Amino acid sequence: MATATDTFQGGGPLAPMLRRRHLRDRGMTLLLTALMIAIGALLVWILAYVALKGINALNWGFLTDTPPGNPSDAGGGFYNGIIGSLEIVGMAALIAVPLGIGCAIYLNQYAKGRIAAVLRLVTDVMLGIPTIVTGAFVYAIWVVEFGFSGFAGAISLALVMVPLIVRATEEMLRLVPRDIREASLALGVTQSRTIVSVLLPTARAGIITGVMLAIARAMGETAPLLLTALGNDLFVETNPGERMSTLSMQIFTGATGGFVNAQDRAWAGALTLIAIVLLLTITARLIARTSAVRR
Amino acid sequence: VSAASERAGVRKAQALHQQRLRLADTSFRVLVAGSAAVILLAFVATAFFLVEKAWPALSHYGLFSFLSSTRWAPSEAATATGDTNPYGVLQFVYGTVLTSFIAMLLAVPVAVGLALYITDVAPVRLRKPLAYVVDLFAAVPSVVYGFWGIFALMPVLHPIADHLTKWLGGIPLIGPVFAGPFFGPSYFAAGIVLSIMVLPIITAICREVFAVAPVAEKEAALALGATRWEMLRMSVLKRSTAGIFGASLLGLGRAFGETIAVTMLIGNSVLAIATSIFGQGATMPSIIVNEFTEATEPFHLSSLFVVGALLLIITLIINVLGKLVVSRISETIA
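Residue numbers (my numbering), protein chains in the order written: chain A, 1 to 295; chain B, 1001 to 1334.
Isolated chain A (complex conformation) (with noise of 0.2 Å):
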């Protein structure tokens, strides 16, 4: 769209109006490009202070070891919370995936009328719960019985994970063209098989592309986790019956202790969450750019 954005300079007797006007636009202009140059900067400077501190204390301990007894001690490292944040995110997305995906071929191919509306609305707004409550609803459910454990901590990412894949899942099956649906029921392939062999194979890059957003943001979360898998420091844990430690848990701890040194080991281990995750966010948006069907 072309647009008069320099400065109105003819004659007339309306000119001065149009030259304020002109300058009015110019300025808007000029205001918008400075806020999204400003946000840019923002998240530069966010980026730029977690990767500063987090590589002045990053080191090869910090990989292989755990916490030391103190918290003010200087060394030791975040290998618990590393096996943990895996485990327990692996664990999560094993219950996750499946469960998402296969709502979300129920609620494309089979729901109808009321029961998909509902079902749409439940899982659009469990978008909306606060991963506390969640943490809270698996704590009443999980922990009470069975006490804090990893696999605890795994239940409430995966209720954190589940409506985003839904979600994805769903709109990328809403975009298979209807003919290639169609071509394969009319060769006699049954429902069943079409979803598995024609519909989802389309679908594919997109549903990889959701599961790793969602296996991304349950990787940053802290919350539900601090009431369900409690954390633990004193060894490495890898029994998802016992209560466990992750990365998130373990900078939350050290940033808000007071020690230096903790605070040193909570910034490394904010670099690696945070280059973790940018990893998986990056990949996933290049994935989805191979996805045979797109928005």
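Be aware that one or more of the hints could be misleading.
Claimed, not checked - Label pairs and their computed distance ranges (CB to CB): (1) B:Gly1062 to A:Thr290: 33 to 43 Å; (2) A:Gly241 to B:His1017: 19 to 29 Å; (3) B:Thr1241 to A:Gly241: 47 to 57 Å; (4) B:Glu1052 to A:Gly90: 27 to 37 Å; (5) A:Val236 to B:Thr1293: 53 to 63 Å; (6) A:Val236 to B:Ser1269: 33 to 43 Å.
Unchecked claim - Short derived list, chain B residues pointing at chain A, Cβ under 7 Å: (7) Val1032; (8) Leu1041; (9) Val1143; (10) Trp1229.
Since the hints were derived computationally from the structure, they do not count as laboratory data.
Just so we're clear, the structure is a prediction, and the values are computed from it rather than from any experiment.
Beta carbons: idealized from backbone N, C-alpha and C, even for Gly.
For this one, chain A is given, so just place chain B on it according to the hints.
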């Protein structure tokens, strides 16, 4: 004889095959319907178990006593006599509303500006990358925002807060809102970081709202001699008021539920309501995360579930409203 029996055999095999296909089809259907049912159940169970765990405190003290008191003093629960409820939750509602209000005050205008810039002003080639840049704010974990807020943002906020106190603190009526001193952890600091955290969602929805403004109307405005800003104001912004409102509601829902960053920045004071935005307090999520695993007083944990149930109800209402408003503009948004 053999030909006939062969045909019968083939028919039998075909029937068996059909039967198997139907069985596979039905089991697949049951499987996906089952996963949908599990999700539905999880949602209902969330609401049910929160209320169930909150029930002992609710029935002991009465719902109204929670909502009418600002005093939160778990240590008095064991000795409290009669009907006095030591678990008043109003100050957490206040903290949540105040921090979210500060966040929206800053985030909504910025998000609208960014969305306008990205959809209509920026060079076409830059529009997608710029949208990604704003989306990246959503990728930064909450705990990192809190950490950055404590060490990078608070020192910057200090002089700003001091100046606000100096300039506005003396004015009657609104003066107390800006009363100092500013120590760092405060509603103000939490609100500012919250505004950054809700920025990507509000911007993303506003972008989609602006994108559905009819091109014909925009071109008509330009053809009539409107400048670009006039076109944006008349053909885009004016018809998007409802959409911006809906986007703000969905952002507000996030702000209400945000836990870790706010907990790290608000100071976690439960003593009394501070009228100054530079004072310290607590929010509904922050009190839950702070006291949940150390709740040993009578009805303490149950009262935290009351806070959780209240938070769930409030965020559900805000989110459903926001969703309704936004979906009236376009089915596919949000």
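Outcome of the hint check:
In this structure the supplied range 33 to 43 Å is violated for B:Gly1062 paired with A:Thr290, their Cβ-Cβ distance being about 59 Å. Judged by the Cβ atoms, the range 19 to 29 Å given for A:Gly241 and B:His1017 is violated: they are separated by roughly 45 Å. The hinted range of 47 to 57 Å is satisfied by B:Thr1241 and A:Gly241, whose Cβ atoms lie roughly 53 Å apart. For the pair B:Glu1052 and A:Gly90, the supplied restraint of 27 to 37 Å holds, since their beta-carbon distance comes to about 31 Å.
One distance hint, 53 to 63 Å for the beta-carbon pair A:Val236 and B:Thr1293, is violated here, with the actual separation near 22 Å. Between A:Val236 and B:Ser1269, the C-beta spacing of about 37 Å keeps the proposed range 33 to 43 Å intact. Evaluation of the B:Val1032 hint against chain A yields a held restraint, the C-beta minimum of about 4 Å falling below 7 Å. Among the interface hints, the one on B:Leu1041 is violated; its C-beta lies about 10 Å from the nearest C-beta in chain A, farther than the 7 Å criterion.
Interface restraint check: B:Val1143 against chain A, minimum CB-CB distance 5 Å, threshold 7 Å, status holds. For the restraint placing B:Trp1229 at the interface with chain A, the shortest Cβ-Cβ distance is roughly 4 Å, inside the 7 Å limit, so the hint holds.
Hints 1, 2, 5 and 8 from the earlier list are contradicted by this structure; the remaining hints agree with it.
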